[in-house]
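Using the sequences provided together with the hints, build the complete structure.
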Amino acid sequence: MYYVTNATDLDLFRPLDEPEKDKMKADLGLMDKLTFGYIGADSKWQGVDNLIETSEGISDKDIFFLYAGFSKNRKRSHNALYLPRVPFDEVKYYYGACDVLVLPRPSHKSAEVAAPTKFAEYAAMGKPILTTDVGDAAGLVKKYKCGIVIDDNSPENLLNGIEKFRSLPEHELLKMGKNARKMAEKEFSMEKMRQDLKKVIESLDF
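Sequential numbering of the sequence shown, starting at 1, is according to the numbering used here.
There's no promise every hint is true.
[Unchecked claim] Cβ-Cβ distance ranges computed for the label pairs, FRET-style: (1) Lys143 / Lys164: 16 to 22 Å; (2) Arg85 / Glu53: 20 to 26 Å; (3) Lys23 / Asp152: 33 to 39 Å; (4) Asp151 / Met31: 28 to 34 Å; (5) Ser77 / Ala41: 16 to 22 Å; (6) Lys75 / Lys142: 33 to 39 Å; (7) Glu53 / Glu20: 29 to 35 Å; (8) Lys178 / Asp32: 19 to 25 Å; (9) Asp32 / Gln195: 41 to 47 Å; (10) Leu12 / His78: 29 to 35 Å; (11) Leu204 / Ser107: 31 to 37 Å.
Worth flagging that the hints you see were computed from the coordinates, not collected in a lab. Where is the CB? At the ideal position from N, CA and C, for every residue including glycine.
Put into structure tokens, the structure is as follows:
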């Protein structure tokens with residue numbers, strides 16, 4: 001069995017310049033908020049329902065949640081903004097408006113096999129990552145020290161992870177973000193995927 005990781009476009013998905021980030025935050029009403037983001041499908045197996053439940057119970061006015069890619073119409077709440085699917089070439093701006101990006105996936109056979117494409121994009125954007133202890137994503141976050149890994153996606157554990165990020169000084173968040181970008185450059189480049197595929201093909205005995 002061979003395993004080749006996902007790759008992502010490191011030029012498209014890159015850390016936003018401060019003016020770009022500030023403009024997006026201002027446009028979305030997220031200035032001066034520690035913003036946690038989930039950008040992607042709202043499928044149950046992604047675990048996002050538990051994240052929403054957790055976010056709805058948080059009263060801290062300095063914490064906000066940005067969700068994008070949802071199929072259901074949801075109204076903005078006291079601390080969350082819900083958006084439908086956004087054009088692919090605009091996704092990076094929504095990533096960029098967030099301070100922490102979240103992978104709330106529950107344990108599942110498909111989740112244990114490989115990390116989702118959004119994980120590579122999260123990392124390429126240079127963002128700290130909050131993830132459950134599921135699949136490759138958890139191991140890579142630990143290895144590169146680019147986020148926080150929680151045991152599972154229970155509301156209790158998600159809240160614990162959010163509160164840990166809330167307590168971190170800004171320089172720690174920046175360091176995690178830089179580590180995430182380094183991870184993306186080393187693990188998720190198109191060149192690495194090409195080289196890995198080449199090795200697999202060369203090893204096959206036709």
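Point to revise | Numbers of unmet hints, in rising order | key: No hint contradicted; all consistent.
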